[in-house]
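Got chain G; can you put chain R on it based on the hints?
Listed below, chain by chain, are the residues.
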Amino acid sequence: MIAQWLFYGFATLAVLGALGLILFQHPMNGAMCFIVTLISLAGLYALLSASLLFALQLIVYAGAIMSLILFIIMFLNIQATDLPEEKGRWTFLFGGILVIAPIGLFLLKVVKTLPQGETSIIGQDFGGVKKVGMVLFQDWLLPFEIVSILLLVALVGAVVLAGKKEMAS
Amino acid sequence: MILDYLVLSIVLFCLGILGVISRRNVFTVFMSIELMLNAANLAFIALSRLHESMDGQVLAMLVMAVAAAEAALALAVVILLHKHTGKLDTNVFSLLKG
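Respectively, the protein sequence lines represent chains G and R. Be aware that the first sequence starts at 1, since it is given in my numbering, and climbs by one per residue. Be aware that the second sequence starts at 1, since it is given in my numbering, and climbs by one per residue.
Chain G extracted, bound-state conformation:
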């Protein structure tokens, strides 16, 4: 019962944060709202008994990626006059809703055909480091290595992009 109420609380917070992200004019306010969404998603992961993903969501997403984005937003020192003028914003928003609504309803219909399952917390280290690590390093070893190569490429790419202006000057 408590889990149900916690779910409704976290879900409301997540949707409100996402709405704030797409409605606030300044990216700083949007980023703050998005952090609320990410933290409530971490709570939902905990309710789904994915304890490792709960920690990773807080550390990697709400911690590392969002602080990087916030750092860049503050680094660029964006004033209200620097923001792009978004004249057709509401037009695009309502047109977007018209386009997205059929897709969303279709996905809802698809989801309703899935079997129903309980979300009660299961023990036996479900979602813990050991079990997820075993699956990751046995069944998903090749994708894991490919992701490591992707991270290396991103690292080299960031260094190249950052070093370019020194060569030009």
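Source of the hints: derived by calculation from the structure; they are not laboratory data. Errors might be hidden in some of the hints.
Said to hold, decoys possible - Below are the EDC-like pairs computed for lysine to aspartate or glutamate, each with C-alpha atoms no more than 20 Å apart in a straight line:
1. K83/R with D82/G
2. K130/G with D55/R
3. K109/G with D4/R
4. K131/G with D55/R
5. K87/G with E52/R
6. K130/G with E52/R
7. K131/G with D4/R
8. K87/R with E86/G
9. K130/G with E145/G
10. K112/G with D4/R
11. K87/R with D82/G
12. K87/R with E85/G
13. K131/G with E145/G
Coordinates of chain R only, in the frame set by chain G:
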């Protein structure tokens, strides 16, 4: 119920698409893409709980790693474009046409 989690994930995904469609600020568009990735992660983890297997959680971890790489590269490009043109408009990215 698993269905509620999946419905929430669909709602978040649609909000992310709406953000990409309706906004022109680079940072907001970028964070909307992150929102879509998070919605997919929620669906993965809910289905992993439904089938009681770890594969969905492993996939969600891989998605997080891809999102981290994407954040590093996208923000580097945004900083370079902002230095170049002084704008945060997504229309600036039409400069990147080959």
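These are the hints, each one checked on the structure:
1. A C-alpha spacing of about 13 Å is found between K83/R and D82/G, which places the hinted pair at or below 20 Å, so the restraint holds.
2. For the proposed pair K130/G and D55/R, the alpha carbon gap of about 13 Å is at most 20 Å, so the pair holds.
3. Annotation: proposed proximity of K109/G to D4/R holds, straight-line Cα distance about 13 Å (limit 20 Å).
4. For the hint linking K131/G to D55/R, the alpha-carbon distance of about 10 Å falls within 20 Å, and the restraint holds.
5. Proposed proximity of K87/G and E52/R is contradicted: the alpha carbons are some 48 Å apart, above 20 Å.
6. Only pairs whose Cα atoms come within 20 Å are accepted, and K130/G paired with E52/R is accepted, the gap being roughly 15 Å.
7. Among the hinted pairs, K131/G with D4/R is inconsistent with the structure: their alpha-carbon atoms are about 26 Å apart, more than 20 Å.
8. Pair hint K87/R plus E86/G holds up; C-alpha atoms about 13 Å apart against a cutoff of 20 Å.
9. Taking the CA atoms of K130/G and E145/G, the gap is about 19 Å. The hint holds against a cut of 20 Å.
10. Straight-line distance between C-alpha atoms of K112/G and D4/R comes to about 10 Å, which keeps the hinted pair within the 20 Å bound.
11. With a C-alpha separation of about 7 Å, the suggested pairing of K87/R with D82/G holds against the 20 Å cut-off.
12. For the suggested pair K87/R and E85/G, the alpha carbons sit about 11 Å apart, so the restraint of at most 20 Å is met.
13. Taken as a hint, the K131/G and E145/G pair is honoured in the structure, with Cα atoms around 19 Å apart against an allowance of 20 Å.
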